[in-house]
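Based on the hints, put chains V and A in the right spot on chain R.
One-letter residues, chain by chain:
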Amino acid sequence: MSTDASPDITGSTSAALNGTPLPADDPERQLIAKAVREVKDTTPLAQSFTNFVTVNLVANAQLAAGGTAAMSYLPDDIIDTAAIAKATYINVGTLLPFFKDALGNIARSLQAMHHPWVLDPVAAGIGRTRSAILWAFRSAPPTIVRGNASEIIALAGIWDLNVPSAGSDTGAKEGTTRPAGVEAVDDVDSATNAAIVMARYLRSYAPNHRAAVAVSGATDLVTDGDTVYRLPGGSSMMTKITGAGCSLGGVTATYLAVADPLTAALAASALYNRASEQAAEGCTGPGSFQTRFLDALWNVTAEDIAASPIIVSHVPASQNSVSPDTAGTA
Amino acid sequence: MSTDASPDITGSTSAALNGTPLPADDPERQLIAKAVREVKDTTPLAQSFTNFVTVNLVANAQLAAGGTAAMSYLPDDIIDTAAIAKATYINVGTLLPFFKDALGNIARSLQAMHHPWVLDPVAAGIGRTRSAILWAFRSAPPTIVRGNASEIIALAGIWDLNVPSAGSDTGAKEGTTRPAGVEAVDDVDSATNAAIVMARYLRSYAPNHRAAVAVSGATDLVTDGDTVYRLPGGSSMMTKITGAGCSLGGVTATYLAVADPLTAALAASALYNRASEQAAEGCTGPGSFQTRFLDALWNVTAEDIAASPIIVSHVPASQNSVSPDTAGTA
Amino acid sequence: MSTDASPDITGSTSAALNGTPLPADDPERQLIAKAVREVKDTTPLAQSFTNFVTVNLVANAQLAAGGTAAMSYLPDDIIDTAAIAKATYINVGTLLPFFKDALGNIARSLQAMHHPWVLDPVAAGIGRTRSAILWAFRSAPPTIVRGNASEIIALAGIWDLNVPSAGSDTGAKEGTTRPAGVEAVDDVDSATNAAIVMARYLRSYAPNHRAAVAVSGATDLVTDGDTVYRLPGGSSMMTKITGAGCSLGGVTATYLAVADPLTAALAASALYNRASEQAAEGCTGPGSFQTRFLDALWNVTAEDIAASPIIVSHVPASQNSVSPDTAGTA
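Protein chains in written order, with numbering that gives the first Met the number 0: chain R, 0 to 329; chain V, 0 to 329; chain A, 0 to 329.
Next comes chain R alone, as it looks inside the complex (with noise of 0.2 Å):
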C-alpha cells in the first residue's frame, strides 16, 4: 500500500568507522580463496545488461576472472538466460527510453525467480529516466548493490531508505536529494551508514536474507548490514581508465554465480586491488596499463587475493533491526 513510506533504521551506524584486520585464518578468507577458484575450475555464466561504453571491458573482465559473459538489452533474453545462467548484472550507465520499463520489468522477473543478481547505480540522481528505474528496483532490489560513495548516498535517497547522519544522531537523513555524476563527489566513509542501511534493506527481500553493499573508492568498502569490511590498495591509475567500476560490477556478478553475496563483493574488490595494483607496475599510461589490468585479472592467484589486508568493524548489535517497506515484495 504504502510505496512511499520510508524504511527505518533504530538508532545510528555512524561508529561502524574504525575496526580490525580480518585475522588471516578467518573463514571469511577460506570463502574469498574458493570463490575465486570455483569461477576458474567452472567458468559460471554470468549475464549483463550493461552500459554501452564499457560493456566490452565488462565482458573481457569476467573472462579474465574465469568466468563465461553473455550481454542482453532485451527482457526476453534476460529472462531466458536467467534460468541458465547462475547471477545478473545491471548497470544503469547509458540509458535507451525503452529501458525505463524494460529494466523494472526484468527485477520483477528476477525477483520472481529468486535469481540474484548485482545492480550498478551509475549516475544515480543524473535525469528522471535513471531516477524511474531505480525507484522501480525499490520493491524488486538486487543482491549486491555496487557504486562510488556518491551513487550510493544517492541511490539511498531515491530508495527514501531512512539513513542517519553521520556523526550525529539527530535522526536527519543524508544525501536524500543529492545529485551525483558518475565520478564520486564524496569519499567513501561518508557513505557508510547508506551502505549499512542499504544492505539491510537488501537482505529483507533476498530469499536466503543475505546481500551486500560494495562501495568504491580509495578505500573500498563492503557491508552486508552486520559488519563493514574495508578493503585498502589498488591504483589510482583505475580512475584514469572509463569502466574499472562497471566491469568491478560484473566481475561481482560472476563471484555471485558461485558464492554468497558478501564474498562475491569482497573476492571482486579484492581482486580488483591486486590486479590494478599489479598493472600499475611498469605502465607507461592509461593504455598499457589497461592491457595490463586485463592480464593481471587473469595472473593473480586465488591466495593473493584471500590474503588482501581487509580492516572489518562490527555494527553494534543494538542497530540491527530495519523495518523495511514491504509493500513491494513479491
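Treat the hints with care, as some may be off.
Stated by the list, open to error - Here are the computed lysine-lysine pairs in the BS3-like style, where the Cα-Cα straight-line distance is at most 27 Å:
1. K85(A) / K39(A)
2. K239(R) / K39(A)
3. K239(R) / K85(A)
4. K99(R) / K99(A)
5. K99(R) / K85(R)
Claimed, not checked - So the derived label-pair ranges between C-beta atoms look like this:
6. P96(A) / N298(V): 49 to 57 Å
7. T19(V) / D40(R): 48 to 56 Å
8. K99(V) / H313(R): 51 to 59 Å
9. D40(V) / A23(A): 39 to 47 Å
10. A23(V) / T41(R): 40 to 48 Å
11. D40(V) / T300(A): 34 to 42 Å
12. A82(R) / A217(V): 26 to 34 Å
13. T300(A) / E276(V): 38 to 46 Å
14. T283(V) / M112(R): 47 to 55 Å
15. P206(A) / D40(V): 49 to 57 Å
16. A111(A) / N104(V): 31 to 39 Å
What the hints assert, rightly or not - These stretches of chain A come out as covered by chain R in the derived footprint (C-beta under 8 Å, 3 or more residues):
17. 54-62
18. 75-82
19. 286-293
Since the hints were derived computationally from the structure, they do not count as laboratory data.
Backbone N, C-alpha and C define an ideal beta-carbon position, used for all residues, glycine too.
The following block gives chains V and A in isolation, referenced to the frame of chain R:
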C-alpha cells in the same frame, strides 16, 4: 505459400567427417592468397550491423585485415551504404526492440539488391525476438552463415531445415528445438550435417548459386554444401576475449567483398588461426593477447594464410540434392 | 520563416591556401599550452552523445588527456549533465530511430543554455535520418564542427551554406549534394572554403561570436572563419584504428571546457599529431599502436603540443562578411 514447409535433403551427410589434406597446389589456396592480397591492396568497404559488445573489435579487425569499416543500426543507412559497400555483416548478438522489423527489412532489401552478406546468428535459440529475426532471414537468407556449432544447429532448427541425424539414416532431425547460448555447447563435428544442409539452402537463394557456412571451434569447419573443409589450429586464448567470433564474421564479410563465399570463409578462418597462434606466443594474459592479435591480423601474410593446414572431404554426389522451400524468394 | 534560405558569403575564400609558420612567440601558442595544462590540472567534465562503435575510446581519450567523461543517449541526462559539464560532444556516427527527435531537442536546449558543444558529422550525406538530424542542427548549431573533408563538404551542403567553388569566383556552390562515407574521399584542402564559410555561420549563432571548424586529414585544417591554420604531421596508423576522428572530437570538447573554440580545436589537433607520432614509433601493428596512443595522449606535454608546426594564412578582410539565415535562432 507454405512458409513453414520444411526443406528436404535426400540421404545422409554424416559420412563426410574424414578427409585428406588439401594439396599445396590446389587452386583454392591461390584464391585464398588472392583474396587476402586484394583486401590489402584495395581496402574494400564492408559494412556491419553488429552487436554493441564487440562492434569496436569488429571494426578494428576489419581495418587490421586491410579493409574499411562502416557500422550502422538504421535501415536507411544500411541500404544507402550497401550501394557503395561490397558486402555486409549482420550479427544478432545484442538486440533492441526496433531491430525486429528493421533486420527483416534490411535482409529483403539486400536480397533485392543481390548484395552479399554474412550472418552471425549469435545466441540462436535464446529469446523470442532473436528467433523472430532469424526466422525472417529464412526467406531472404545470407550468403554466408558463420557461428559456433550450437548456433548453427539452432539456426537450422529455427529455419526448419531437414538435417539428418549424425551417425544414423533414420532421417530424424537434429537440434531443431535446441537452445544455444553464446558459448558453444556442441562440438564442431556435431554441426557438420546442419552446416551442409544450410549451405545448400543458402545457395538455392544466391544469385550465382554460391554460398558457404562456417562453424568455428577447436577445428573450424567450412562448407559450400559440396565439400567440407576443416581448419585445425588457432589458440584457445580466443575463448578468453569477447568478440573473437564476431570479429571473424566481420572479417569474413571483408573477404566476401572481393571473393566468392567459400574462399572468403576459408581465408578468414585461416587468418584467424594463424593470427591467434602468433598472438598467443609471448602473451601474458587476455589483455596482451588481444593487443597482439590485432597486430597479428595486420602482419600475417597472404602466403602464410594460404599455406594453412586444411583437411578436405567431399560430400557424396548422391547427397547433392536439396529441395529448399522457395516460398519466400523474391 | 525561410528555413531553407541559403546563407550567403561575399566573395571567394579560395585564396586562403598558402601561409606562413605561426611564430614561436605567437600568443595563440600560449593559449594552447594553457588549455592543455588547465585540463590536466582541473579535470573538467565534458559529456558526450557519441556513436556506439568508439564510445569507449572517446571516453578513454578524454581521460588520457586529463579530463573527465560522461556518456549518455537520453535528453534528460544530457540536459541535467549540461548544467555541471563545461562542454558537450555530439557524434552522429551510429543512430537509433529515437535520436531523430532527441538530438534536435538537445541542440535547442544547449542553445538556450548558451552551452558550448562540438559536432562530429560522421558520414554526413548517408541516410535520411542522419540528414534530418544534421538539418535540425542548422538552426541550433554547435560551437565547433570537426570532421574529415568529405563530411565538412557534405554538412555545408546539408546546411545549404553558400560555399564558393575552390579556384573560381563563379559562386557555384561545391559539394552540396555530395554524399560522403565515414572515410574521407576528398582531401583537406578541398574543404577549405566549406570550413571557412561554416565557421562564420557557426559564430553568427555563438553567444560570444567565436566558433571554429576543424578538418582532419594528412594535414589538419582549423579555422575560426578569419584565419586558416594548417597542422602537418601525425601518423598514418591513425587510419588503421577505428575512432581516431571520433576521439579527437571528444578531446576537442574536453579542451573547449577550458578554452575558446579556436584554441580548443588547435590544441586537440596538435595533441593528436604529436601523440600519434609517438605511438607509431616502435608499434608493431594497429593493436599496439592504439595502446601506445592512449599512453601518448597521457604523456605528451603542453610544451610539445604548443610547439607544434602550424602554418597560418589569413582570409582577406573583404571576405569577412556573411549573412547567415537566422530564422531558426532562439
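To see whether the hints hold, each was checked on the structure:
no.: 1; hint: K85(A) / K39(A); in the structure: 15 Å, holds
no.: 2; hint: K239(R) / K39(A); in the structure: 12 Å, holds
no.: 3; hint: K239(R) / K85(A); in the structure: 19 Å, holds
no.: 4; hint: K99(R) / K99(A); in the structure: 19 Å, holds
no.: 5; hint: K99(R) / K85(R); in the structure: 24 Å, holds
no.: 6; hint: P96(A) / N298(V): 49 to 57 Å; in the structure: 41 Å, violated
no.: 7; hint: T19(V) / D40(R): 48 to 56 Å; in the structure: 39 Å, violated
no.: 8; hint: K99(V) / H313(R): 51 to 59 Å; in the structure: 52 Å, holds
no.: 9; hint: D40(V) / A23(A): 39 to 47 Å; in the structure: 43 Å, holds
no.: 10; hint: A23(V) / T41(R): 40 to 48 Å; in the structure: 43 Å, holds
no.: 11; hint: D40(V) / T300(A): 34 to 42 Å; in the structure: 39 Å, holds
no.: 12; hint: A82(R) / A217(V): 26 to 34 Å; in the structure: 27 Å, holds
no.: 13; hint: T300(A) / E276(V): 38 to 46 Å; in the structure: 40 Å, holds
no.: 14; hint: T283(V) / M112(R): 47 to 55 Å; in the structure: 39 Å, violated
no.: 15; hint: P206(A) / D40(V): 49 to 57 Å; in the structure: 50 Å, holds
no.: 16; hint: A111(A) / N104(V): 31 to 39 Å; in the structure: 37 Å, holds
no.: 17; hint: 54-62; in the structure: holds (count 5)
no.: 18; hint: 75-82; in the structure: holds (count 4)
no.: 19; hint: 286-293; in the structure: holds (count 5)
Hints 6, 7, 14 from the earlier list are contradicted by this structure; the remaining hints agree with it.
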